[in-house]
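*Asks:* Following the hints, complete the assembly by docking chain B onto the known chain A.
There are 2 protein chains.
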Amino acid sequence: MKVSDLGEFGLIERLAAALAARPGVASSERLAVGIGDDAAVWLNGPRAAFATIATTDTLVAGVHFLLDATPWSDVGWKAIAVNVSDIAAMGGEPEFALVTLGLPGSAEVEQLDELYSGVAEACEAYGVVVAGGDVVRAESMFITVGLSGRAELDTKGKPLVLRRDAAQAGDAVAVTGCLGGAAGGLRALQDGLAESESTRALITRQRRPRARLAAGSAALAARIRCGIDISDGLLQDLGHVCRASALGAVLRSEELPIDPALADVFEPEQALQFAAAGGEDYELLFTGGREQIAELTRQADMPVTIIGEMVDVARAGVRLLDGAGREIEVPDAGWDHLRGAE
Amino acid sequence: MKVSDLGEFGLIERLAAALAARPGVASSERLAVGIGDDAAVWLNGPRAAFATIATTDTLVAGVHFLLDATPWSDVGWKAIAVNVSDIAAMGGEPEFALVTLGLPGSAEVEQLDELYSGVAEACEAYGVVVAGGDVVRAESMFITVGLSGRAELDTKGKPLVLRRDAAQAGDAVAVTGCLGGAAGGLRALQDGLAESESTRALITRQRRPRARLAAGSAALAARIRCGIDISDGLLQDLGHVCRASALGAVLRSEELPIDPALADVFEPEQALQFAAAGGEDYELLFTGGREQIAELTRQADMPVTIIGEMVDVARAGVRLLDGAGREIEVPDAGWDHLRGAE
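One line per chain: the protein sequences are A and B, in this order.
In terms of this note's numbering, the first sequence opens at residue 12 and continues consecutively.
In terms of this note's numbering, the second sequence opens at residue 12 and continues consecutively.
Because identical chains share one entry, a pair is satisfied inside a single copy or across any pair of copies.
In silico EDC-like cross-links for lysine to aspartate or glutamate, where the CA-CA straight-line distance does not exceed 16 Å:
#1 Lys13 <-> Glu24
#2 Lys13 <-> Glu121
#3 Lys13 <-> Glu125
#4 Lys13 <-> Glu119
#5 Lys13 <-> Glu150
#6 Lys13 <-> Asp124
#7 Lys169 <-> Glu40
In short, the hints are calculated from the structure, not lab data.
Remember, it's a predicted structure, so these values are computed and weren't measured experimentally.
Extracted from the complex, chain A is given alone in its bound form (with noise of 0.2 Å):
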């Protein structure tokens, strides 16, 4: 069988079921949260203040960005910006980064002076200092990072983080800020739509995804334990925490906080089409009681929008309904970097 027939989700699945099986190698008493959530947690002994959150993600060219179209100093930025995004997603506070560069020997070294300018950038703004790393030649270009974290612990040292299996039935979903700004980034850029006000924001959206650090210690504080980041797509990524918390979700298309920069370029449908499925806007997205919600509302430094709730009727996934309350179908509901591939 081949990866591209299983997709990424299945693959992950099956290779932590294999670790899984033996006993230790993907357990320990001091990891609090192993594969399959945003990050991983572990504690760092009885006496530590805190404990550690870490995370890894990769953009590869030719996949997450086609080189000759994007300024390398933005494919830096989005290599930090991304992983933050994800210690976002737990409640944490990003620390070090590990940056590993694959690169083809004929890279032009001006052009990795500009990805670092974007890397150091991205670290100034979040507060991460680069710890180390690693080069290696590899045919076509590709940054991982590596980041760590912390997380504050509760009074009995358990680590207070926001995880996708920690939704309740009934629990209100909202997420942060607005959404498909991203994905419509993309179609201007792949459509050389003309230039406007309106599709240079959707175009850094694309680019330069913000990390939504506050929001999400923002939600710990508000007594939130359940969210996620949105970078797979809202139906996608809110599917993920359906599965892990055994529930469906329910959502109302006319509560979506649409980015107002696609009216202006697209379609109402597309743009509904964008927010619902497209990914890449890294705004996070929680589950919780209304008093929480709106606790966290007051509290956030940003917009805080509820689109629908938890329901317990698991494996029936997230349905997204109309005005009318009649289910919309959604096409190519998120990416999946394996799946019909090649």
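*Replies:* Coordinates of chain B only, in the frame set by chain A:
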């Protein structure tokens, strides 16, 4: 300028300097060892019982191994073992790994099962727990491991580690085990040499390197403070110690512990070349006082051989002398990922 002109180490220096030029991007109060050693080391706050050591290393198909010629389980083993070796070279203990796979969609799932059985075997051997990872599409396959571990603290709360920049003039230079076997194994594979007990032993050294964890800890216990692992070749890796410590080194070729299996297959001159410059043996190199090395020799679980000494001549690099005191020129002294590539 192309990166192939600058080379791996020139490029790392340039990128590290660019980051260091921005305050706080490559340094922090908590970062005890940053870019430029086998692994980074940072503190976990005032009451923590240990510091964190973190490293990352990548294997790329077609560069570090040939997919069709290498059992996938060996690739998985090696991806973990080479990272554990970096932790061993600091005298630390490995703990948690993040594993990133880059894959074409056409990869076979069964091959990945095999790869992960090698990953799991190595994790069991070294007490490593896989805490998470990432799977991405890539034209050619690669595997990146980010590995974190622990370093003990001294009575003042400083991390007890082996560093490249801690050599002193007059120190003896010592290595664990024997050298050149991995390079001999690679040559045996490349040239299709007849199978024998010796070629099998050499090929095993190439494909299933062992990280010298116990020797690293024993060195710290013997009050040795300078160490590195021999991944790129003895002369090159000792050259890193020389540069970091602003010293030179003199080695005696007759003292090098050449892998005994080489003698059955290669001429003595070729065997010396492998031992001095071959790389991938993943033995540890230490420098320290004679008493400390003698103490290590008593405590270590494997042979430790003194091969030369550190001399007070900055920028002199490493000189390899024969029995008559004449300098031996070693061609291709060590592995550079980028220089001359493509």
